[in-house]
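A.B. asks: Chains D and C are the protein sequences, given in the same order. Counted from 1, the first sequence has number 299 at position 299 by my numbering; the numbering is strictly sequential. Counted from 1, the second sequence has number 1116 at position 116 by my numbering; the numbering is strictly sequential.
Derived from the structure by calculation, the hints contain no laboratory data. Everything numeric in this text was worked out from a predicted model, so none of it was measured. The reader is advised that the hints may include incorrect statements.
To be verified - With a cut-off of at most 20 Å between alpha-carbon atoms, the simulated EDC-like pairs for lysine to aspartate or glutamate come out as follows:
1. D/Lys111 x C/Glu1243
2. C/Lys1248 x D/Glu171
3. C/Lys1013 x D/Glu311
4. D/Lys111 x C/Glu1244
5. C/Lys1178 x C/Glu1147
6. C/Lys1248 x D/Asp108
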Amino acid sequence: MLKHYLATAIQVLRRRKFFTFISLFGVSLTLVVLMVATAVFDQALGPQPPEVHSDRTLGVYSLGMRGPSISSNSDASYWFLDRYVRTLPDVEAVTIFSQAARSATYRDGEKFELYLKRADGAFWHVYAFDFLEGGPFLAEEDANAERVAVINETTRRRLYDGESAVGRVLEIDGQRFKIKGVVRDISYLRQDPFSDVWTPNSTARSDVHLRPAVLGNHTGVILAHRRSDFPAIKRAFEASLEEVELPERYEELTGEANTRFERFSRVLSSDRDQVKASPWRLRIAIALAMLLFMILPSLNLVNINISRILERASEIGVRKAFGASSWTLVGQFVVENVLLTLIGGGIAFVLSSGVLSLLNGVQLVPYAVFQLNFRVFFYGLLIAVIFGLVSGVYPAWKMSRLHPVVALRRRSL
Amino acid sequence: MIRHMLQIVWNRKASNALIILEILVSFLVVFAVVAMAIFNWRNYHRPLGYAWEDVWQINFRIGDREFDAAERHAAANRTLERLLRELETMAPVVRAAAGHYPPYTRSSSSRNWDTSDGRDIFTEIIEATPEFFEVLDIRIVAGRGFEAADAAHPWQPVIVNRTLAADLFGEGEDPIGKTVDLGNMKSTETELRVVGMIDDYRKGGELAVPSNMMFEAVWLEPTRRPLSLLAIRLAPGTPAAFEEELSKRLNALAPEWSFSVRSLAAKRDAYLRLRLAPLLAAAVVAAFLILMVALGLVGVLWQNVTQRTLEVGLRRAKGATRPNIHWQILGEMLMIASLGLVLGTLVVVQVPLMGWLSFLDLSTFGLAFAVSVVVIYCLAAICSLYPSWLAARIQPAEALHYE
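Okay, chain D solo, but in the shape it has when bound (with noise of 0.2 Å):
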């Protein structure tokens, strides 16, 4: 039965070409559209090697500091993050490093931008970092600042055309590090982790982050014990903000302890320092530009499969009138929904692999490498199922329980 319902739809689809191709054209953009998008949002917040545990971290990101007239906002300071942040209590780690900063090395006159990050022993505990050789950098070396490095796969290769590099030396920023270990890239979008050098934050050329300083550019990042912790960090974060000395003019200091999507979530933030989270104006934000876009492909497919509908009528009439049900009629037009959809959505799958590798050819993003994400793509699948059901066959089904002769006489709904 369902073969011979397959046989009918490619005819049917074969038929009438040009309407196949307009409904296969509005299924496969929007899942295109859609799998594009997730795949950007999925590599900068989603759990990808090495935030593995980004269900179980929290970052200071940045402070707001105010006074009567005057308000500075930033990262915090190495000092503040060493001193109110590493204390937390019952927490499994807590790591505090630099912003990537953007430093040159030259090499014959050459000269190669890298971003150098400064980071310290637990760094390496938070993020799970995959070396390709040698290792990481311990607390220990940290704490003596020894000159050690470690470098990302594409630094090695543009410096030592891709030959071994432990043990080597690298000059940069004015300073002379020995490397000990060789990463993968990590993506440009992973704004905690990303570098193309990691290096003590011991070994910074000043004594910058000793000295006592609410404002910085570092980023601390806990990792906590469970997710179920995260009230009482953060409570026992914002605590402590209320024991930090300010400086003269300036009154309040706030900040949060986030995640990264509360992170993210900032930029709808209502205040003018947008240092709170509003993780729910994100989350409404996404679904109404989701809602929107997709209106537009639904009310496409919904006049196209009405029309379509229409020109069965004779076909639905004939068909009662030799005994077929309601429901096998409806099954009928569901497989067909169904069929179209799923081609669709083939295509589309397809299409999103091009235009993600052309995304990642062009590396408009350094080091990003985007990828399909299956559970978004049987969702948008899922959905223009839906539709493909609601809009086809819904009428179809209005029609196929009139009687035979007034179906066969019918032109419109």
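Chain D is fixed; fit chain C onto it per the hints.
C.D. replies: Chain C alone, transformed into the frame defined by chain D:
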């Protein structure tokens, strides 16, 4: 005629309602894209106020500012002074300056206060040495630049851009020599006196929304908290290889500081790429959506025409010419489009009424509206071309056979 068209559209309201809805949503999509495009295009063509060619910026890190002891400030400012002097002795360097917030930067410092007559003033603040204007080629259009003699004044000399001058002293008023009304902050803050006016300094780059700007002069006084940036103007055609020499020199001069050199040209490139990529992506997606809608409309109209073979045949038999039929199909589609547009207008008008997207000024809004209406009418007309041609080809005899 119009009434007749409306009647025809109304008779088929069930199937037309969905098409009207589709036109409405398409209109919103087109409007959003066109408004975004016009907004960015206009910003792009606004004067920048500075010249980025042959300018390099040197970021340096010396430490966190706010708790630093007085002697640290003094030492940092001494080093800065020496660096500026040494930089200008290097052959390709035409001029060197120190400041905060170079072009193509998002971070900023701002000030917000109420004047004594209750007006809310917001401005970005940039501290810089007097040479900053020369390095970035920021033209002083009224008054003068900062001068060494200014250092002795008890008041702080400032240079403002046109929009801030208008906000402070009123449109068309000459701001030069006037004191900034700090309202209730007057007692605690240093007096600010305007010595010069610039057209603009659009720090956020070509696509940024213009903002109020105020420059405060800095003379690297020992007590001043240190600036964060050096900017140098180079002789045209300086090779990129100069950077290594520059970098070595800087590291040798201040071994405890950390430097990073970048040309504004490279920054601008990265900035434009980063800002334009999402806009381009949105435009491409919207274009595909509209193409999809267009194909869909052709399909629906085509189906319509086939269904109405009888009706059209009858009209032809009663003496309607081919152009008559053409116009009927086209007119119906345009009527449907108009209904969608009326609804769309009701939706779009909410935006300025509710005060959303306040950065879109009325002329951008109006232009975007007009362009979108034209686009939708063109879309409707193009979509009905083929179906109306099909309809006009129907012969009365063929129609009467149709069943």
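A.B. asks: Starting from the hint list further up, note which numbers the structure goes against and sort them upward.
C.D. replies: Hint check: nothing fails, all pass.
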